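A.B. asks: Sequence:
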Amino acid sequence: MVIPTIPVRELVPSLYCVDAEDGQKLFLLISKSFRDEKNAITLSFEGIELITSAFLNTAIGQLYRDFSEETIKTSLKVEGMSQEDLGLLKRVVDTAKIYYKDPDRMERTLREVLGE
1 MVIPTIPVRE
11 LVPSLYCVDA
21 EDGQKLFLLI
31 SKSFRDEKNA
41 ITLSFEGIEL
51 ITSAFLNTAI
61 GQLYRDFSEE
71 TIKTSLKVEG
81 MSQEDLGLLK
91 RVVDTAKIYY
101 KDPDRMERTL
111 REVLGE
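Residue numbering for the sequence shown follows UniProt numbering, beginning at 1 and increasing consecutively.
Source of the hints: derived by calculation from the structure; they are not laboratory data.
Nothing here was measured: the structure is a model prediction, and the numbers come from that model.
A virtual CB, placed ideally from N, CA and C, is assigned to each residue, including glycine.
It is possible that some hints are incorrect.
[As the list claims (entries may be wrong)] Distance windows between CB atoms, simulated:
1. GLU46 to ASP19: 12 to 22 angstroms
2. ASP102 to GLU10: 28 to 38 angstroms
3. ARG35 to THR95: 31 to 41 angstroms
4. ARG111 to PRO7: 37 to 47 angstroms
5. THR42 to ASP66: 18 to 28 angstroms
6. THR5 to GLU112: 34 to 44 angstroms
7. LEU114 to ASN39: 38 to 48 angstroms
8. GLY115 to GLU46: 37 to 47 angstroms
9. SER14 to GLU70: 10 to 20 angstroms
10. PRO4 to GLY47: 31 to 41 angstroms
11. THR42 to ILE98: 22 to 32 angstroms
Given only the sequences and the hints, what does the whole structure look like? Please build it.
C.D. replies: This is the structure:
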């Protein structure tokens, strides 16, 4: 079976993946692929010069709200990311897993840290 590839560069209107709105577009494509087509997919970041956590939180982090960790792990691959960006992705994923496991607890903790 051929795994479809989503070239992120064709989805994002610049060389920079910084905007949460662009991340939302990618999230919706990934979700549709997982839900409707039951497909594994590869995200290609070839040609992208900058990736921010805001983009990754929206594009990939929120997948952990809707799908199991196992589904994401077996169905989503990335390529064309620098080691630095892969490290950022790992931090985003680790945080998303904690957050979506118990979002109320995370919100309370954030409020305590911020003194609210």
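A.B. asks: Are there hints from earlier that the structure breaks, and if so, what are their numbers?
C.D. replies: 3, 9 and 10
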